Amino acid sequence: MSKSVCSTGLRWLWVVVAVLIIDLGSKFLILQNFALGDTVALFPSLNLHYARNYGAAFSFLADSGGWQRWFFAGIALGICVILTVLMYRSKATQKLNNIAYALIIGGALGNLFDRLWHGFVVDMIDFYVGEWHFATFNLADTAICIGAALIVLEGFLPGAAKKAA
Numbered sequence: 200m201s202k203s204v205c206s207t208g209l210r211w212l213w214v215v216v217a218v219l220i221i222d223l224g225s226k227f228l229i230l231q232n233f234a235l236g237d238t239v240a241l242f243p244s245l246n247l248h249y250a251r252n253y254g255a256a257f258s259f260l261a262d263s264g265g266w267q268r269w270f271f272a273g274i275a276l277g278i279c280v281i282l283t284v285l286m287y288r289s290k291a292t293q294k295l296n297n298i299a300y301a302l303i304i305g306g307a308l309g310n311l312f313d314r315l316w317h318g319f320v321v322d323m324i325d326f327y328v329g330e331w332h333f334a335t336f337n338l339a340d341t342a343i344c345i346g347a348a349l350i351v352l353e354g355f356l357p358g359a360a361k362k363a364a
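For the sequence shown, my numbering assigns the number 200 to the initial residue and increments by one for each residue that follows.
If you're looking for bench data, these hints aren't it; they were derived computationally from the structure. If you're wondering where the values come from, they're calculated on a predicted model, not measured in any experiment. Hints may contain errors.
Just the calculated beta-carbon pair ranges, DEER-fashion [stated by the list, open to error]: (1) Asn232 with Ile345: 21 to 27 Å; (2) Arg251 with Ile274: 40 to 46 Å; (3) Leu230 with Ile281: 27 to 33 Å; (4) Gly358 with Tyr287: 21 to 27 Å; (5) Val239 with Val284: 23 to 29 Å; (6) Glu330 with Val216: 37 to 43 Å; (7) Glu353 with Thr238: 21 to 27 Å.
Ideal placement from N, C-alpha and C gives every residue a C-beta, glycine not left out.
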């Protein structure tokens, strides 16, 4: 028995496309208008700062000689495949989970594109308080974190709310 794509979570793949357009567009603007290390203050505690990340979150394994590029690319592809299968197996009405999966896929693909095209991930959001700066990140990272938070949130919802979410 085949099911319509619109009846599955794949109906929410447009979120992946939206995340990719916004993420890659923001990175393109940074690459076109900033030199590496340039910083522009946006608001108190928030800068645009062009940085390159050769590793994973918080530059994990950034200085490992290059093998990590392919390792993280493989992880991103694997996660995207798993989440796409989960979306296919879920109902389109399970909005919270499907949007969460789509945000993670979109973010993973945005960073994967950078990793494969440039050899590094373009980061540009610099959040700080006083002299303390959080790790510079990008909109793909933000989408991944929001998606993960939605999955955690879904775990705390009561049973009836989960079915509707």
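So, going through the hints one by one against the coordinates:
no., hint, result
1, Asn232 with Ile345: 21 to 27 Å, "26 Å, holds"
2, Arg251 with Ile274: 40 to 46 Å, "19 Å, violated"
3, Leu230 with Ile281: 27 to 33 Å, "30 Å, holds"
4, Gly358 with Tyr287: 21 to 27 Å, "23 Å, holds"
5, Val239 with Val284: 23 to 29 Å, "41 Å, violated"
6, Glu330 with Val216: 37 to 43 Å, "39 Å, holds"
7, Glu353 with Thr238: 21 to 27 Å, "37 Å, violated"
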